[in-house]
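Asker: Going down the list, the sequences are from chains L and S.
Position 190 of the first sequence, counting from 1, maps to 190 under this note's numbering, and the rest follow consecutively.
Position 79 of the second sequence, counting from 1, maps to 1079 under this note's numbering, and the rest follow consecutively.
A couple of the hints might just be wrong.
[What the hints assert, rightly or not] Here are some chain L residues pointing at chain S (derived, C-beta under 10 Å):
| hint | residue |
| --- | --- |
| 1 | Val132 |
| 2 | Val133 |
| 3 | Gly134 |
| 4 | Pro136 |
| 5 | Phe141 |
| 6 | Asp189 |
Treat the hints as calculated values from the structure; they're not laboratory data.
Treat the numbers as computed from the prediction; the structure is a model and nothing was measured.
Every residue gets a Cβ at the ideal spot worked out from N, C-alpha and C, and that includes glycine.
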Amino acid sequence: MEEMQPKLLDLIPNDRGWGVKGKGREREISGGFGVKEEKKLELRLGLPGEEDWNVNREKTEGLCANVKPSLSLGFFGSQIKQEGLVNGAVQKLHAKSEKQTSIVERKAIAHAATPPAATPAPSNSRAANAPVVGWPPVRSFRRNLASTSKTLLEPQKGASGTSAKFDNSTKVLFVKINMDGVPIGRKIDLKAYGSYDKLSSAVDQLFRGLLADQRAEIGTEKNVEEKGRAIKGLLDGSGEYTLVYEDDEGDKMLVGDIPWEMFVSTAKRLRVLKSSDLSASTLRTTSRKRAATEC
Amino acid sequence: MTDEDEKCERAPAGDSPPPSSDEVFKKVIENVLELLTSKRDRNAASAVCRSWYDTDARTRRDLFIGNCYAVSPDRVVERFKSIKSIVLKGKPRFADFNLVPYGWGANFTPWVKTLGDAYQNLESISLKRMVITDENLMSIADNFPLFKDLSLVCCEGFSTLGLAVIAERCRHLRVLDLIEDDLEDEVDEAVDWISKFPETTTTLESLVFDCVGNQFDIDALKGLVARSPSLQRLRVNQHVTLEQLHQLMVLAPQITNLGTGAFRSETGSMVADPNLNLVSAFASSKSLNSLSGFREIEPEHLPAIYPVCANLISLNISYANLTADQLNPVIRQCHNLQTFWVLDTVGDEGLQSVAETCHDLRELRVFPLDPTEDSESSVSDIGLQSISEGCHKLQKILYFCQRMTNAAVITLSNNCPNLVVFRLCIMGLHQPDRITGEPMDEGFGAIVMNCKKLTRLSVSGLLTDKAFEYIGRYGKLIRTLSVAFAGDSDLGLRYVLEGCIRLQKLEIRDCPFGDSALISGLPLYYNMRFLWMSSCNLSMRGCREVAQSKPNLVVEVIKDGDMEDEGEEETVVERLYMYRSLAGPRTDAPPFVKIL
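Bound-form chain L, shown alone (with noise of 0.2 Å):
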């Protein structure tokens, strides 16, 4: 699919374009701009474009503000990737300040309107909140590696009994989560979830969405409450389906019984089943581990 430079010489003189035969394109920066640009960003120390500077702080903390959770039709993570914006906004702020404080500070100061954007908090408590969505630019199969060949060192399936060996170096852990009823699964992050609870939410939020497609005609519901209904009970029975995974030895079990940092490093993949086709056979092995991990 390389694309190779065209072996005759090009027919039209100009980019082909789409009937624009534009002149904006070949201008000079220095003629677009004009000089009196230049000199800006030549005089300065600080950052040239410091009043849109001042004006995209404000920006930003006006989207800090609107950005709420918001109910993802699939998107998972929306919480985190706010959190990543504030913070990426916040430690921008941060370097910034560092390496040219006055300028900064005397633009601040003299637009006293706007209050400075997100006080620059140490950068320091970057490393505790959860990472940017999609940054670094890796594929997902490139995101446990580290993790993957650790288990290498571990024995093959069947040679040892329950290896319950904590691997969790690793910052991000994709597993497929399939569910009945909808052919097309999804991977979630299952580091990013610090509890169960927090786990089922976001299956919720994950498949809500598509469920309601599943049932609903192919009209426009435009009305959020129609939706689709919010997917309860997975953990404890009591809803219309239930969150089932399969461990490292391919048991599958009930989501929920042992402790979450224990779940996170066996579980292989996920299932959201329908109680009903809950029988004893699915989970055959299940009493069995409950036993084995109370003792």
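With chain L fixed as given, assemble chain S onto it according to the hints.
Answerer: Chain S alone, transformed into the frame defined by chain L:
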């Protein structure tokens, strides 16, 4: 141009008058046009006059559609009469990093129906980032009796069931490349599709399935390989043990491109030194020039590949957590290596070995073992500096690291003038030059200034508007630009939009660029394939203004969840994806996508 047109139209269909020189000229031109294969040449030719347009429409065989929503299937089949191969690309690249919600689109279904009716002779389909279902695969098998080549890259929506149909029914299958796809299999419902290939000799030349995670019958694969004398490329998945790999290599000594799967021997195997067999298999392999896989490598088996290292032009060992000490013996023998993909565990020392050995290197990719912002990384500016000193032919580089300096990047720009692709990812956000504390502006500036052939650029680290000024001023050939967590103001984006005259694909995330910058690019958007902006400072008002001034631009605003605040003009736009299109707003947009 009009005169020519008239003459073309008046060309007599009858036989009496001898052909005029114009008509002869026209015929000659048509014959010449038919020989054009490059899509750029063809696009240019088709815009000259009606006659050339018609000739192109009649004779074009290879179709490339960089954005599946830019044109409708109906329009395609109406224009082009006889297509043999088609390339379709769907989702924007940032979908790879979970920035595009699930269910966004890029479905192959509307295409397969229309193509199936129109192009009986279709032989080749290549899809990237599209959703293709098992039903679609069945349609391919049913509709195209001459079907030969299927390539699915970063696709999803299908399972081994669909693959089984392809294997079984496409009797002329030559290429089946499944690369980085996300299959939909339930583990206990997977089909052993490898067993479905017909029992006769096949015409298979390439079989790539390392991303298909299911088990299969190894004997079926061995049989298939044995009766595929044309097989050049074979990349297996992680269920193939070293012992089985050896057997496959013996059955297909002509293979040039081998994906080794897990590179792990049978569990608890008591076989007497499988290493010995494998070494001899590699030693006797004269044609092997490309290796990949190594997904679960046992380092003690790595020496088995030593015999082929000198012949290798491509080595992808980027799933193997190996140290420099383990990798050096391999690297030191790869004198002819042109493409090298590796994890950052190779370290600066390992990269030093590369620089000293691989003088023919054209492409280097260094991936992170631990892709998080604050992870430890063993590669830095030092490794990059080494590479620049040893690998002057370098054309493409992708480099993930935590620490970088302007000096190293500047050196690279001076030593590697042939760079076409420069993608540097400093993983920590807003990281400055680790020695001087300065922004990374000068480094990227040097790249665009000195690498005159640069067409693709990805930036990172602490960057001010200055960096974008450089990019706009010097990056005249840049077609693809990726920007993240950079810039100070609208000026940054404006520099790019004003200066990068060949820009086709612009993807931006988490930058302080707002409406006025977006609007400043209005004259250019028809010349671009797409623009992606997420987590910037755009509002609905700005996006609407763009949508209203450019009727052939589809402007998509993508939200998490439902479109609650549709009306409010000041609402921040989380994700903007806009692209030129002849097809108008698409009809398959999900509820979280609003087309302005």
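Asker: Which earlier hints can't be squared with this structure?
Answerer: none
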